[in-house]
Amino acid sequence: MATLQLKNIKKIYEGGVEAVHSFNLDIADKEFIVLVGPSGCGKSTTLRMIAGLEEISEGELYIGDKLVNEVEPKDRDIAMVFQSYALYPYMTVYENMSFALKLRHLPKDEIDQRVRWAAEVLDITKYLDRKPKALSGGQRQRVAIGRAIVREPKVFLMDEPLSNLDAKLRNQMRAEIIKLRKKVNTTFIYVTHDQTEAMTLGDRIVIMKDGWIMQIGTPQEVFDHPANIFVAGFIGMPQMNFFDGELAKNGEKYQLTVNGCPVEIGESLQQALKEKDVPSKKVIVGCRPEHIELSSADNALKATVDVSEMMGSEIHLHLNCEGKDIVIRVPSTKLSAEHRGGFEFGTDLKFAFPADLIHLFDPETENNLI
Amino acid sequence: MKQTNKPSMSRVLRRRETFSAYLFLLPSLIFFIGFVIIPMVLCLYTSFFDSKLNANTPDVFVGFANYVELWRDPVFKKALVNTLVIVVVSVPTVAAFSLWVASAIYKMKDWMLSAFRCIFYLPVVTGSVAVTVVWKWMYNNYYGIFNYVLKGVGAIDNNINWLGNPSTALWCIIIILFTTSVGQPIVLYVSALGNVDASLVEAANVDGANNLQSFWKVKWPSIMPTTLYIIVITTINSFQCFALIQLLTSGGPNNATQTVMYYIYYTAFKLYRFGYGNAMGIILAIFIAVLSAFQFWLAKEK
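From first to last, the protein sequence lines stand for chains C and U. Taking this note's numbering, the leading residue of the first sequence gets 1, the next gets one more, and so forth. Taking this note's numbering, the leading residue of the second sequence gets 1, the next gets one more, and so forth.
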């Protein structure tokens, strides 16, 4: 069993700087967890504490049922893929991949079998005799993964493994990791700052900021129901638009206005607000660029076009709405032939929010009201 | 279009740049040719003559006679053996000790690291005469601190004449040479160890290596170029051990501390046999060159 339990884990550096605050997470056997957040949010520090490369200042870390706070990295039965790949430059690919197995005094035949299996899985058999410097970035990445999978570890740790690759290779390797996961079938903890990687790879995502967990959930959960403004802005590309709004409770119904224009609230959102008994108050209204629709209704919000980006299948419109910059994604197919190539600078447009696809946040706590 | 790796610069510009480069190099080149190349050639040339470097007594061509005499000269043989003992003992000891010290201190806080570097580097920057005078006092037969301490703790009954005893004199020289030689290797190793890619060491730790294994498998190959440099410069310095001998023992007692370098000086400037001394110099240069080449080859093989 390779469950992990992180109980109130803290990382406090010399001088009292707290990099990770009370990190609590239960990871199920064979689960793929992604830690995601901007630079300096503590995700890599957390991963390094799990690996044993950083001391845990406070809290408890269990791998299986065993408390491993004081266990050395080599005895934790984990394998790690580093951002820089960390391949031993003086060893061949074969030696790199067999190094950990030799240290464990496995029989030569078994070492050879495991290395060749991993090389086959990762399609690097023909590079086994090469030194890392004779490989491309993508090949080095595969070797780094190969070195980890030959171990058959309880937990597989990956620290931004794709960040040094170009965009095309990154997409390709991401798909490879999804396939690999099915073949290896063990617990994965994956660190990235790329929300696309997080969304596509993780069973659950842990979104972090300044050492705090902002939200833990499945990709769908964090996308559909972000816990706060940070998560709402972090997940989704381009990021969610935010507007100042006014929420008024009028008997059994809630009414929302943005820039003086009424915005319809869907039935499920009405119900949720009612259940939480949210009072009338100022709110921050969030709506994703792909959910905002161009409208011709009289009470729609008005904006002018700043920039129009033709992306092929859709157009990204950067609009100025009463001094606020917003972005909307409009599928080309929904536009008239005249506007399929984009809009002129300064064009006046009107847009509306779909009733069920808006998010309401408290301006003070920045938390989702629902 | 023809592809070249060289920057696309016109021939005229390139020639102008080469000319400027040589102009910048000129002062060093003149110095190097005048004070290194020409003396080396003269040294080789003179080694085939019975030369007194005296206007009144002309040089007499003797062919390989000086070299033949060398192999029959028991003092030269003794000097060569002593020099080799110094090299064989001091080179690995200096390299191993400096690596050990550097490994222990390179992760320390900046101020502690600086303090240790300063302590070990002090004998290097202090004038060799000053250092040698202090050691001479410490080794002194009557009032030296070694005899005082050893007698005080009851380790010896009678004073030892450290530099006057043929069985201890060479080791005393080696110890001083050791203390003055470790400074630079320690500084170099501290820097080399600090530059070892930390993620490689971490990867080895995760892979299951203990400290010793991660040292031999990861750090040691990474600091190999530094080790090679240290071994080569320590070898050359040990072969050329001269000032210590001149200041402390003048090669005595009974040639127990005679080294090739000191014997060259003695032959050339005391006996005025420059041809013979130069022949020794050539042999010493060959020894240093062969040993250094072997060390480079060994490092490359590894």
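None of these hints come from the bench; they were simulated from the model. Everything numeric in this text was worked out from a predicted model, so none of it was measured. Errors might be hidden in some of the hints.
[Stated by the list, open to error] Taking beta-carbon pairs under 8 Å as the criterion, some of the chain U residues facing chain C (in silico): (1) E69; (2) A203; (3) V206; (4) D207; (5) Q213.
Quick reminder that beta carbons are idealized off the backbone N, C-alpha and C, glycines included.
Each hint tested on the structure:
no.	hint	result
1	E69	violated, 48 Å
2	A203	holds, 4 Å
3	V206	holds, 5 Å
4	D207	holds, 4 Å
5	Q213	holds, 7 Å
When the structure is compared with the earlier hints, a violation turns up for hint 1 alone.
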